[in-house]
Amino acid sequence: MTDSRIAATAGPLQRPGRRWWSGSGSSSDRLFSALGALSFVALWWVGSVTSDFVPPIGEVLDAVPTFLTEEDIYGDISDSLTRVVGSLAVAVLIGFWAAYLMARRGFWGLVVARYVDLAIGLPSTIAALLALFIFKRSEIGVFVVVTIACFPFVAITLRQGFLSLDRRLSEMSGVYRFGGISQIRNVSLPHLVPYTLASIRNEYAHAWRVVVIAELFAVNSGIGWRFTQAYDRFLLVDVALWLLVFITILLGTEYGILRPLERWVLRWRGGEL
Amino acid sequence: MSPPYIDVEGLKASYDGSRLVLDGVDMAVEENEFVAVLGPSGCGKSTMLQVLSGLLRPVAGRATIAGKDMTGSSSDRPRVGYVFQDHRLLPWRTVASNIELVLEAAGLPRREWDARIDRYLDILQIGQFRDAWPMRLSGGQRQRVSIARALAIDPAVVLMDEPFSTLDEVTARTMRQQLVELWQESSRTIVFVTHSIREAIFLADRVAILTRGPARVLEDVEVPIGRPRRYEDAEITELESAIVDRVMGVWGYEEGTPA
Numbered sequence: 001m002t003d004s005r006i007a008a009t010a011g012p013l014q015r016p017g018r019r020w021w022s023g024s025g026s027s028s029d030r031l032f033s034a035l036g037a038l039s040f041v042a043l044w045w046v047g048s049v050t051s052d053f054v055p056p057i058g059e060v061l062d063a064v065p066t067f068l069t070e071e072d073i074y075g076d077i078s079d080s081l082t083r084v085v086g087s088l089a090v091a092v093l094i095g096f097w098a099a100y101l102m103a104r105r106g107f108w109g110l111v112v113a114r115y116v117d118l119a120i121g122l123p124s125t126i127a128a129l130l131a132l133f134i135f136k137r138s139e140i141g142v143f144v145v146v147t148i149a150c151f152p153f154v155a156i157t158l159r160q161g162f163l164s165l166d167r168r169l170s171e172m173s174g175v176y177r178f179g180g181i182s183q184i185r186n187v188s189l190p191h192l193v194p195y196t197l198a199s200i201r202n203e204y205a206h207a208w209r210v211v212v213i214a215e216l217f218a219v220n221s222g223i224g225w226r227f228t229q230a231y232d233r234f235l236l237v238d239v240a241l242w243l244l245v246f247i248t249i250l251l252g253t254e255y256g257i258l259r260p261l262e263r264w265v266l267r268w269r270g271g272e273l
Numbered sequence: 001m002s003p004p005y006i007d008v009e010g011l012k013a014s015y016d017g018s019r020l021v022l023d024g025v026d027m028a029v030e031e032n033e034f035v036a037v038l039g040p041s042g043c044g045k046s047t048m049l050q051v052l053s054g055l056l057r058p059v060a061g062r063a064t065i066a067g068k069d070m071t072g073s074s075s076d077r078p079r080v081g082y083v084f085q086d087h088r089l090l091p092w093r094t095v096a097s098n099i100e101l102v103l104e105a106a107g108l109p110r111r112e113w114d115a116r117i118d119r120y121l122d123i124l125q126i127g128q129f130r131d132a133w134p135m136r137l138s139g140g141q142r143q144r145v146s147i148a149r150a151l152a153i154d155p156a157v158v159l160m161d162e163p164f165s166t167l168d169e170v171t172a173r174t175m176r177q178q179l180v181e182l183w184q185e186s187s188r189t190i191v192f193v194t195h196s197i198r199e200a201i202f203l204a205d206r207v208a209i210l211t212r213g214p215a216r217v218l219e220d221v222e223v224p225i226g227r228p229r230r231y232e233d234a235e236i237t238e239l240e241s242a243i244v245d246r247v248m249g250v251w252g253y254e255e256g257t258p259a
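Note that the protein sequences, when read in sequence, are chains A and B.
Its first residue numbered 1, the first sequence is counted upward by one per residue in our numbering.
Its first residue numbered 1, the second sequence is counted upward by one per residue in our numbering.
Wrong hints could be hidden among the right ones.
Unchecked claim - To give a feel for the contact side, a few chain B residues facing chain A, derived at Cβ under 7 Å: (1) LEU55; (2) ARG57; (3) PRO78; (4) TYR82; (5) SER97; (6) LEU101.
Said to hold, decoys possible - Estimated spans, in silico, between C-beta atoms of each pair: (7) A/LEU189 <-> B/SER18: 47 to 57 Å; (8) A/ARG114 <-> B/ASP118: 17 to 27 Å; (9) B/ASP122 <-> A/SER26: 50 to 60 Å; (10) B/PRO109 <-> A/SER26: 25 to 35 Å; (11) B/VAL170 <-> A/TYR255: 44 to 54 Å; (12) A/LEU261 <-> B/ARG227: 30 to 40 Å; (13) A/LEU38 <-> B/ASP122: 27 to 37 Å; (14) B/ARG19 <-> A/TYR255: 36 to 46 Å; (15) A/LEU189 <-> B/PRO228: 42 to 52 Å; (16) A/TYR255 <-> B/ASP118: 36 to 46 Å; (17) A/LEU261 <-> B/SER75: 50 to 60 Å.
Claimed, not checked - Here are the simulated lysine to any residue pairs, SDA-like style, with alpha carbons at most 25 Å apart: (18) B/LYS12 <-> B/VAL217; (19) A/LYS136 <-> A/ILE126; (20) B/LYS12 <-> B/ALA96; (21) A/LYS136 <-> A/PHE67; (22) B/LYS68 <-> B/PRO4; (23) B/LYS12 <-> B/GLN85; (24) B/LYS68 <-> B/VAL217; (25) B/LYS12 <-> B/ALA105; (26) B/LYS12 <-> A/TYR231; (27) B/LYS68 <-> B/TYR15; (28) B/LYS12 <-> B/GLU238; (29) B/LYS12 <-> A/GLU171; (30) B/LYS68 <-> A/ILE126; (31) B/LYS68 <-> B/GLY42; (32) B/LYS12 <-> B/GLY42; (33) B/LYS68 <-> B/ALA132; (34) B/LYS12 <-> B/GLU162; (35) B/LYS12 <-> A/GLY180; (36) B/LYS68 <-> B/SER41; (37) B/LYS68 <-> B/ILE123; (38) A/LYS136 <-> A/ALA42; (39) B/LYS68 <-> A/LYS136; (40) B/LYS12 <-> A/ILE126.
Keep in mind the hints are simulated off the structure, nothing from the lab.
The beta-carbon is built from N, C-alpha and C at its ideal position, and this holds for glycine as well.
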């Protein structure tokens, strides 16, 4: 096997040579990103002048300072964030074991694979309603819904990682007598890190979308609940403000934490000579 | 008379338990000797190294290094340095860290690690890449790290499985020359697998020629050429021609017939 295949088996490849602290890449990338953001503003403006259901940009921006001084919004943001992070952590743990069993195949692998298929096909709204029936209006219901929605995708991604474990590196560690624990710690787990990070990054956004739906039905706190409150009272500026909060948290975490973290952890990947 | 340093007798090996890859290999290697194992692609050369390193249990026969059985699971088997065809470095570990891992696994004292790493990286002229990531090195540099890793553990034997076959010709020639110099300085016992007749003759004291698979030793050829050698030496060309003549029929193709 060639050198490049060793790199390729160590997780999904990203563009080589980029420094881990750099932003979104070249100046053309940044230009296109800026144009994308501007087009969103333009669409918002068009929506606001052609419809009564989209509040004007100026009106929403004027409301931002007052909105940010309301202390109780931070409690709701914190509640949603806790649910997302907690559920995602559980989803990664369950997904890891599901992936391990599926990669090993056998009886339990096949059983788990069917559960994963079932969970992938279950719409988040239906899962939220089922959780409402089972757990009534409780915190645990939200955690369960988000975990069920996210773990199958984690499992699918990590299964690819397990299946692509490099037999040649295992041979090398056998020749040099690494021992079982050392082999897991130094060979197998690092191989799975890129897959784990990719699944966390993908499922983080998914978890946010699902938590909002679950909060609509199951609890009286969080961003989803705030959306419902604002919508039921036809407070369109508040709906827009909570939408901005949602987008800011999602993109801020993605570009401010997850991507730089991923680039730092995977800094060993580089342009081959 | 003491037994050979590496003693292989009647070695038979199989991956699936039914089809033999090695079919009664006999070979003896003296301490500090450089022996090349020559055979056509797919004949079982690498399998023999896998048995010698303890990776694969043979179906029959025995293989010992320094009097220790290499075919069981005994913990007192001597240390073996292995240079694979590809580098097999952990890409998420730096060059130094890759070597530290094998030093730790070999049970060598931590206080010696830095000195050993520096020594072998310097000998292989890659000291400046100590803290580099393997994927940022060229193919030749990675293979040098792989050789440094094999030597750093003070192995009883260094097994090399076509380590230069993926490198460009100029890099491969440079590395062959450096390997010979390294061997002469360090007096290691080296078993070097290759399918290149010229490479085998250039490097080794002796060439063990294998048959097509399932392999057994066809012939043991002494290399009566003094050192230092040049890759283009007329004597090497002459011996190469003689070996080609001898293996043509056995390896499965005759002159004038398509390979």
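- Given the proposed pairing of B/LYS12 with B/GLU162, does the C-alpha separation stay at or below 25 Å? The given pair, whose Cα atoms are some 22 Å apart, holds under the 25 Å limit.
- Query: Can we keep the B/ARG57 interface hint, with Cβ of chain A closer than 7 Å?
  - Reply: violated, 12 Å
- Message: For B/LYS12 and B/VAL217, compute the direct alpha-carbon distance and say whether it is at most 25 Å.
- Response: OK: B/LYS12 and B/VAL217 at ~12 Å, within 25 Å.
- Message: Holds or violated: the 17 to 27 Å window for the beta-carbon distance between A/ARG114 and B/ASP118?
- Response: Given about 55 Å between the Cβ atoms, the range is violated.
- Query: If you check the beta carbons of A/LEU261 and B/SER75, does the distance land in 50 to 60 Å?
  - Reply: violated, 41 Å
- Query: CB of B/ASP122 to CB of A/SER26, is that within 50 to 60 Å?
  - Reply: violated, 39 Å
- Are B/ARG19 and A/TYR255 spaced within 36 to 46 Å by their CB atoms? Hint violated: Cβ distance 55 Å, outside 36 to 46 Å.
- Verify the proposed pairing of B/LYS12 with B/ALA96, using a straight-line Cα cut of 25 Å. violated, 38 Å
- Task: Using the beta carbons of A/LEU189 and B/PRO228, state whether their distance is inside 42 to 52 Å or not.
- Result: Since A/LEU189 and B/PRO228 have Cβ atoms about 47 Å apart, the given range 42 to 52 Å holds.
- Pairwise beta carbon distance, B/VAL170 to A/TYR255, judged against the given window 44 to 54 Å: Since B/VAL170 and A/TYR255 have Cβ atoms about 45 Å apart, the given range 44 to 54 Å holds.
- Starting from B/LYS68, check that the Cα of B/SER41 is at most 25 Å away, please. violated, 30 Å
- Has the hinted range 47 to 57 Å been met by the Cβ atoms of A/LEU189 and B/SER18? With a Cβ separation near 36 Å, A/LEU189 and B/SER18 fall outside 47 to 57 Å, so the hint is violated.
In the structure shown, a violation is registered for the earlier hints numbered 2, 3, 5, 7, 8, 9, 10, 12, 13, 14, 17, 20, 21, 25, 26, 28, 30, 31, 33, 35, 36, 37, 38, 39 and 40, in ascending order.
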